[in-house]
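K.L.:
Generate coordinates for the entire structure from the input sequences, incorporating the hints supplied.
Residue numbers (this note's numbering), protein chains in the order written: chain A, 121 to 455; chain B, 20 to 513; chain C, 1169 to 1509.
Just so you know, not all the hints are guaranteed correct.
[Stated by the list, open to error] Straight-line distance between alpha carbons at most 25 Å, and here's what the computed PhoX-like set of lysine-lysine pairs gives:
(1) B/K31 with B/K89
(2) C/K1389 with A/K421
(3) B/K131 with C/K1448
(4) B/K89 with B/K242
(5) B/K135 with C/K1448
(6) A/K401 with B/K391
(7) C/K1389 with B/K131
(8) B/K391 with A/K337
(9) B/K391 with B/K252
(10) B/K167 with B/K202
(11) B/K331 with A/K342
(12) B/K195 with B/K31
[Said to hold, decoys possible] Which chain C residues stay away from chain A? Per the calculated CB distances, all over 10 Å, these:
(13) F1394
(14) K1448
(15) F1476
Because the hints were derived from the structure by calculation, they are not lab data.
Note that the structure is a prediction, hence the values are computed from the model and not measured.
Note that CB positions come from ideal geometry on N, CA and C, so glycine has one too.
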Amino acid sequence: MLSKITNRISTVIKNDIYITRLIALMLIWLVFMGFFRFEKFYTVINFQTMAAQFPEFGLMAFGIMLCMILGGIDLSVVGVANFAAIVGAITLKKIVGVDGEMLGIAIPIVFIVGIIIGAMAGAVNGFLISIINIPPILATLGTFELFTGIAIVLTKGKAISGIPFGFSEAITGRLFGLIPIQLLIFLAMALVITFLVTKTTYGKKLYLTGTNITAAKFSGVKTTKIIIKTYMISGISASLGGLIMLANYNSARAGYGTVYTLQCVLIVVLGGINPSGGKGKISGVILAIFVLQMLASGLNKIPEISSFYIPLIWGGVLVAVMVMNYFTENKKIKL
Amino acid sequence: MAQNVLKAVDIKKSFTGVQALKGVTLEIRPGEIHCLAGENGSGKSTLIKVISGVYTPEGGHVEYDGKSYKKITPIEAILNGVQVIYQDFSIFPNLSVMENLAFNTELASKSKLVNKKRMRKIAEEAIDKIKFEVDLDAKVGELPVASKQLVAICRALMFNAKLIIMDEPTTALTRKEINALFKIILDLKAQGIAILFVSHKLDEVFEISERFTILRSGELVFKGNTKDLDDKKFSYYMTGREIQIEPFEPKLTKQTKMLEVKNLTLNGYFYDVSFSVSKGEILGISGILGSGRTELALSLFGIRVVDSGIIKINGKEVAINSPTVAMENGIGYVPEDRLTEGLFLQQSIGDNIIISEIDNLTGKFGILDERKQSEEIQKWVKELSIATPNPDNACNTLSGGNQQRVVLAKWLARDLKVLILNGPSVGVDIGSKYDIHHILKKLADSGLAIIIISDDIPEVMSLSSKILIMRDGKISNTFEPSETTIHEITAQMV
Amino acid sequence: MSIRLKKLLRHNEFYIFVVILLLSFLIQSRSGQFYTPNNIVDIIAALIVPGLFAIGAFMVIVSGGIDISFPALASLSIYTTTRILVDIDYQGGILLPLVLTIIFGAVLGAVNGFLISRFKLQPLIVTLGVASMFRGFMQGVLKSVQIAVIPKGMSEFGTSSLFVAKNMETGLTSRMPTAIIILIITLVVVYFILNHTMYGRGLYAIGGNEISAERAGFNVKRIKFFLYVMVGIISSLAGLIRVSMMTQCHPTNMLGMEMMIIAGVVLGGVAITGGAGTLKGCMLGTILIIIVQNSLILMGIPTFWQGFFLGMLIIVGTGVSALQVKRLNSPKKGKGGDKYA
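P.N.:
Following this line, the structure appears as structure tokens:
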């Protein structure tokens, strides 16, 4: 019986070295924080704060993840997020009066508008990549500039402030006084994407197209449709991230969250998604998001180390993981 | 007896427990044309890598011109006159012919700076050796395949080569180009250079090789003159079993026309092509590379859209303008290049099988039905006897023959009316090849209309109930397999 | 003559040159201010830093790789240099800062080079990680802050000029920075390396087919390693010039430039897949981006339109060449036959 369990575990470890590593890293960190900063780290407030912080970039990471499974990349997510946030902010200001009337209708409208913006932006990416045949890295680089550019034009380069408080209050509030609404939005999207990827034909086609697009075409998969769909989902996910950013800062600006592009690519790669496509699991990416947030928040509790160390640690972890992969994969070849 | 230019004696090599070479001996005489044959996995590539110094053998030794080595580096092998031309030719498509030819010499002489004059001279001398006419400033990537190969040959000749090893040299060439290549090879032979062909099938090299060495599962099974070999013996040595070739006689006759095309034209590729295939029939289409055969197949599957003409399925006219439409009309297509066009190598065998019918394996709301899926996968793994312990394994764990069965299964899983196979047994070893032929004949007898496109004439002869020859984009001839010979067909092709 | 013309028409550089000309005529006709001595000098001055970055990015892309760490590398290298010199109260000329940045650039570049050549890791992800590390090192370990007063030698070098161009109509003047010499020298040296040394041809060879390059006898690992060292040095020099010209060291304001630089290189016809492209194209692409950035104001378009036009430029520029490739491979054009045959 015991050997069966250990067998199971060892196959999991063998099959998913990325997830195993992330779990190990998270456990080590949790234990470390338990020893050194227990009273500061293990508080409800701390966990609530963390849960309110990661959804904005976590949602963007989802988009990049899907595109990477497809063998592409979406570098425009931050641009899409800001674009959606700005249009959302403008819509809010138009609908909601100073004293907050119409808020009940305004919130769903803002979300619908944001999602439409995200879907359209994603469709543009998908069109450029699948029909015009621009390499994804360049196409989304261009649309990042373009969407950010449009966002700047809409705001004349300034931040939009004076947004009715109601929106921010509603999104940054907590369900039963406990669970942050941002987290719920994140989880909802995580569920939708997990469902799409694991339970539908779209998911199968996504992985197979990412593995070999020619073979997919020759098997009758409508690859153009899959590509456009994927970038649209990425856009929608990013736009939700943007709306959460809008709520968290209660303002919108074209230049917010520029560090998120790199951070999200790091998350996705650490989560075990293969940049050449066709490989990787959403659970790995969700874990990587948690790990990043815990590292960041934990470090925050250690005043001796400034939060500026985070990029160093994060980059170091990424490089270390890649070097480790090199050795494990080389061992595999020799075996 | 003339001294051997190369003699590999009792070579042993294993990879983590698997004995790839179990004491193999290979002798090559100066100026001879030798063929090293064996199925995929027989150890022939390992042997080549030992000879050229890439691998160090665990047992045995290699003699070059009588000098014996237990261990050789690639550079020593080159200095001893051994040159390997790999299947991909090892060229730089983005650089000029001149640079491609001169790099090796320049690097060997440890030059640090580029001397265009000297490089041009080196390149000119190199192409002069086989009277190869080419623009030295042209980018190699823009040359036709045959010229790329000639560039590789010229480069190999520059190092006073005594032995040139060519890995599957004829696969990508047209008959005309093969003839040109053979002329060059005979010329090299006259200069005393030995040629070693490496091949996994009985093909063009058979006619020009003087001696054969055949490997099977890491062991030497035949060593001798080509004239002592015939098709049957060759197959036997390669596979270790007797294989009977029986011509195909359709059991279903006088059936409805399943696929009928009239005056099909794709400008630049084929013109006015008309033919029909009935239920239970296997139609063979043959022609040299560039005859339009591949484009015809692609057009029938909707990858390329014809400019004019009519396609009828089961008597009904259809406009096939995408693979989806083709599939809806019951057409399936097995591409020639299995690895890049047919399979998702890193994904599971199961997913590879069900991808073409995935939209039918869903329950409500487009949710995948796991049970239906695994039933379907099990069914086809069994039906086509795909050798795997677990269909969840990645497809690249399979041998070439089994991979081809996976591609077949992918299409059979759909309710097909017409199956088009472009090169049904390219890159498949002989044993699997006949198994696949058997499967195809059985499928035809069960009512499928099959089109095979192949330049492997014996294959077309033994499979088809009717043969069309394409030449310059037109159907030049029609044959009944029983009333023609390989020779006649070959003559019609070029 | 007609053959030469045909050859010209096949090159991307030609088209980008035409676009630059058309754009400049447009700006000239709208504002009358493009072809003025001071504007031309301004554009050239604005080209120095992005131009150097672009040269480095170009070399990496030709080898089939990609580097997005160069702004972080340059920032860390020049911040360290400035910090050390300010702390020791350095009063000398530009020579020591120059030597220091070159050393730091080489060392930091070697980090990329080591990871990519030794472990054969994907350059995009490695340089992403390394960029993050450099930034974290600078902000966390070195606790970087803005250095308002930089050593005299640096600011003197940054503000010195070769000549001053004056616009006779408006009376506006622009100085041609001495630093342009570094760009010119780098261009000449890199041009020589790429076209006249076996090392440079090796870069193209690796970009074309890495396995073949190894078989032909190129030391691929060494070539790649030194490539990233060189790119580190060139990027570092760009950092030094940037700080010297601004006469203050703002540690983070170069970060984020990588996307624009890579876009310029690709606009210049350099294949993102490696192996093809010229230094000329790379510079033309960068110039086009600089003109768009600098000249909107001349046309009376508010500067906040900049991002929009840049985005459009990248999409249209890459889109046109992507469509060209697509047409080349399409069924009607003969060539494609090879692929399926």
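K.L.:
Each hint should be assessed against the structure and marked as holding or not.
P.N.:
Results for each hint:
no.: 1; hint: B/K31 with B/K89; in the structure: holds (11 Å)
no.: 2; hint: C/K1389 with A/K421; in the structure: violated (43 Å)
no.: 3; hint: B/K131 with C/K1448; in the structure: holds (24 Å)
no.: 4; hint: B/K89 with B/K242; in the structure: holds (23 Å)
no.: 5; hint: B/K135 with C/K1448; in the structure: holds (21 Å)
no.: 6; hint: A/K401 with B/K391; in the structure: holds (23 Å)
no.: 7; hint: C/K1389 with B/K131; in the structure: holds (17 Å)
no.: 8; hint: B/K391 with A/K337; in the structure: holds (24 Å)
no.: 9; hint: B/K391 with B/K252; in the structure: violated (45 Å)
no.: 10; hint: B/K167 with B/K202; in the structure: holds (17 Å)
no.: 11; hint: B/K331 with A/K342; in the structure: holds (24 Å)
no.: 12; hint: B/K195 with B/K31; in the structure: violated (39 Å)
no.: 13; hint: F1394; in the structure: holds (20 Å)
no.: 14; hint: K1448; in the structure: holds (20 Å)
no.: 15; hint: F1476; in the structure: violated (3 Å)
In terms of the numbered hints stated before, the structure departs from hints 2, 9, 12, 15, listed from lowest to highest.
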